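> Starting from the given sequences, assemble the full structure and let the hints guide the process.
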Amino acid sequence: MADNKHVDDVSGTETTGHEWDGIRELNTPLPRWWLWVFYATIIWSIGYWVLYPAWPYPGGYTKGLIGTTGRMEFIEDVKKAEAFQAPFEKKLAAAKLEQVRTDPELLEYAMAGGKSAFAVNCSQCHGSGAEGFKGFPNLNDDEWLWGGKLEDIQFTITHGIRNDTDEDSRSSEMPAFLKDEILDRQQISDVAEYVMSLSGSSTDVQAANKGKAIYAEQCAQCHQPDAVGSTEFGAPNLKNAIWLYGGDKKTIVETVSYSRKGVMPAWGQKLDADVIKKLTIFVHSLGGGK
Amino acid sequence: MSENDNLNIDRHDVEAVNKKENRPLYKKREKIHPKRVKGTFRNLKWWIMLATLSVYYVVPWIRWDRGPGIPDQAVLIDIPARRFYFGFIEIWPQEVYYLTGLLIFSAFALFLVTSLVGRAWCGYACPQTVWTDLFLVVERFIEGDRNKRIRLDRASWSVSKITKRVVKHVIWLLISVATGGAWVFYFADAPTFFKDLVTLQAPFVAYATIGVLTFMTYTFGGFMREQVCTYMCPWPRIQGAMMDEGSLTVTYKESRGEPRGPLHKGQTFENRGDCVDCNACVVACPMGIDIRDGQQLECITCALCIDACDTIMGRIGRPRGLIGYATVAGKEPPRDKKSILKSIFRGRVITYTALMVAVGSIMLFGLITRSDMSINVLRDRNPLYVKLSDGSIRNGYTFKILNKSHLRRTFMLGIKGLKDPDVTVVGNQNVGSGMNHFTVDHDRVQSYRLFIAVSGKSLASPSRDIEFILTDINSGRTATYDSVFRGPEK
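If you read the protein sequences in the order shown, they are chains A and B. Numbering-wise (this note's numbering), the first sequence opens with residue 1 and increments by one. Numbering-wise (this note's numbering), the second sequence opens with residue 1 and increments by one.
If you're looking for bench data, these hints aren't it; they were derived computationally from the structure. On a predicted model such as this, the values are computed, not experimentally measured, just so you know. Think of the CB as a built atom: it goes at the ideal place given N, C-alpha and C, for glycine as much as any other residue. Any given hint might turn out to be false.
The following label-pair restraints were derived from C-beta to C-beta distances [said to hold, decoys possible]:
hint	chain 1	residue 1	chain 2	residue 2	range
1	B	G317	A	L26	49 to 59 Å
2	A	L51	B	A208	45 to 55 Å
3	B	V445	A	N163	44 to 54 Å
4	B	T398	A	P56	29 to 39 Å
5	B	E30	A	K5	21 to 31 Å
6	B	Q201	A	F74	56 to 66 Å
Below you can see the structure in the form of structure tokens.
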């Protein structure tokens with residue numbers, strides 16, 4: 001090709017020598033500034049080969065003179081963050097829960113840590129806004145099955161509920177009144193009416209009256225005679241507006257017939273005590289206190 | 001020897017380097033050596049250079065007392081604190097629309113000027129023009145005027161050439177460093193920052209900024225010059241849309257000048273044009289064009305060719321203004337009162353003026369009525385609402401109080417639109433029912449969390465419009481924010 005150069009008559013520019021139906025392609029030179037930038041980038045890249053890990057070879061790769069990688073920078077950043085957090089962690093470990101709540105700086109630190117720990121560990125069941133689902137309590141409201149004081153929450157998170165991995169796990173068991181043949185279907189219907197009447201949603205006064213006696217006999221030990229519940233047994237208050245599984249008759253009948261058995265893992269076996277402390281502060285801030 | 005000699009006119013045997021025919025697409029740049037001119041426009045340009053450079057260098061050093069604890073620099077862009085001080089005006093990041101307004105206003109001002117007098121911005125006030133002019137002054141002072149510079153360029157390297165070049169570039173670099181150096185003072189307290197810069201205490205970014213700006217000033221003013229205007233700047237391409245046949249611009253009056261030609265001894269101006277083809281306009285041009293070729297993209301209307309031509313016209317005893325400000329149509333600028341008015345009050349001019357007035361008034365109104373307090377409310381979206389054990393519905397909010405004044409102030413919060421709301425502020429001790437007191441330091445934003453609960457029965461619809469009302473306890477002034485209160489779908 002090199003020996004038969006063709007120069008375009010009109011523009012005076014050399015062509016590539018390719019021709020399609022009499023149309024030739026101009027071999028227009030690249031703008032010089034562009035070319036120089038291109039060469040400059042090539043030279044720049046050589047610097048990269050020398051300084052950073054670049055070329056693979058069997059069994060390894062060139063490490064580069066400054067011996068750093070993105071991964072190492074990340075590890076360094078994490079170390080830096082940990083060093084920054086260290087004094088707070090130390091203070092947090094030494095402080096009692098109530099002290100954390102009254103120290104604004106420590107509170108802010110614990111809240112931030114608690115929020116991210118909640119998102120990682122708790123949000124799968126309790127929801128990203130701690131709003132809960134059927135069977136998984138809403139942590140924003142003011143009903144606390146096992147107690148909403150700081151210590152109560154810390155204990156619940158650490159040991160969990162009704163699990164068989166932690167001896168100190170919160171534990172209680174509601175009988176399955178139909179399945180265990182303690183009550184028959186009519187009795188269960190009556191007691192359900194009574195329970196609904198406590199929050200003013202019963203429609204059958206007669207059935208509710210019949211249910212009252214059954215309640216006193218079967219339910220009052222845990223849910224208390226006045227139905228306010230007991231945090232000792234994780235027995236919910238039956239008089240208020242909050243229903244973990246639902247407050248309609250069908251659901252209440254189902255609950256009484258077959259029982260409920262909500263389970264929560266013992267996070268003390270997985271998380272550090274300090275993380276649980278942060279979680280406690282965070283969860284308490286949502287709706288705790290009771 | 002030229003025929004013009006007897007009339008004491010230098011006839012330059014040159015062609016404009018940027019003449020269209022002389023410039024194929026891939027031609028290497030030819031250096032332009034503008035010749036010094038004297039005259040009205042040159043004087044005007046000296047004054048404008050003095051004024052613009054003074055503004056640039058002096059403004060950061062002007063002080064403006066705003067009270068203790070607040071920067072006393074008249075013009076300060078405080079990026080770390082996110083405040084913009086401009087005399088009595090103080091802008092927070094939330095009010096960046098003032099800056100947008102200022103940019104729109106400036107754009108319309110540019111349009112207006114262009115439709116009246118062409119590219120006056122380019123020719124007189126653009127930093128590229130001013131700094132190139134300044135660099136040329138240095139060049140001329142050290143290397144001499146046009147012919148000497150051309151000779152020096154061609155001369156082989158000698159001690160004298162090297163000395164001249166070194167001195168020129170050192171002075172250019174000093175100007176460049178001063179240019180970049182002055183820029184950073186707009187972003188920090190100038191006197192303290194100057195000390196920091198000199199004692200190498202200033203942050204790296206300041207030196208980097210100065211470095212980049214030094215490099216740009218040096219290359220733009222010393223080497224690229226007219227190429228910046230012709231190839232890099234979008235403005236020459238836009239200008240066509242701003243001008244019409246009534247706009248004034250630097251024009252060669254062909255009807256008067258042609259047919260051009262050297263003036264022979266004893267020749268009169270009968271049957272010939274006034275242009276003696278001396279090329280004084282060509283050698284004066286910093287853009288390397290020949291104005292006699294008509295309107296060109298390259299022309300920044302610096303008006304130096306007007307001065308160059310007027311000098312020659314004076315010598316040959318012809319009226320001045322062969323090259324001068326005229327409309328694109330080539331007519332003389334209007335002289336009598338009626339036609340002056342007519343040429344000014346064109347539709348385009350009136351439109352741009354009206355737009356400037358509109359934008360200016362909106363901004364002025366905004367600045368005068370600018371509130372020094374405001375409230376922002378963020379409603380919790382997850383969960384939307386919480387049902388409490390007594391059946392009441394609770395919503396969570398994060399609200400921010402912006403105290404834009406220079407005083408520590410106490411505010412009161414009220415909520416409108418709900419029946420008997422139970423308001424709890426998290427992390428504030430003065431919790432009352434409905435009303436709370438919040439003290440915020442001067443120039444601060446303070447953030448609080450707030451719960452509002454109402455009885456479930458009082459909620460008629462799942463969503464209610466509510467209003468947060470913030471009241472300054474001392475002045476009684478208020479700021480409001482609209483939000484909603486959510487409850488369950490019925």
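> Confirm or reject each hint.
Hints versus structure:
A hinted range of 49 to 59 Å holds for the C-beta pair B/G317 and A/L26, which are about 54 Å apart. Distance hint for A/L51 and B/A208: a CB-CB separation of about 20 Å, inconsistent with the stated range 45 to 55 Å. Under the hint 44 to 54 Å, the C-beta atoms of B/V445 and A/N163, about 45 Å apart, fit the expected range. Separated by about 51 Å at the C-beta atoms, B/T398 and A/P56 break the suggested range of 29 to 39 Å.
The beta-carbon spacing between B/E30 and A/K5, approximately 28 Å, falls within the hinted interval of 21 to 31 Å. Look at B/Q201 against A/F74: about 31 Å separates their beta carbons, and that is not inside 56 to 66 Å.
Consistency note: the structure conflicts with the earlier hints numbered 2, 4, 6.
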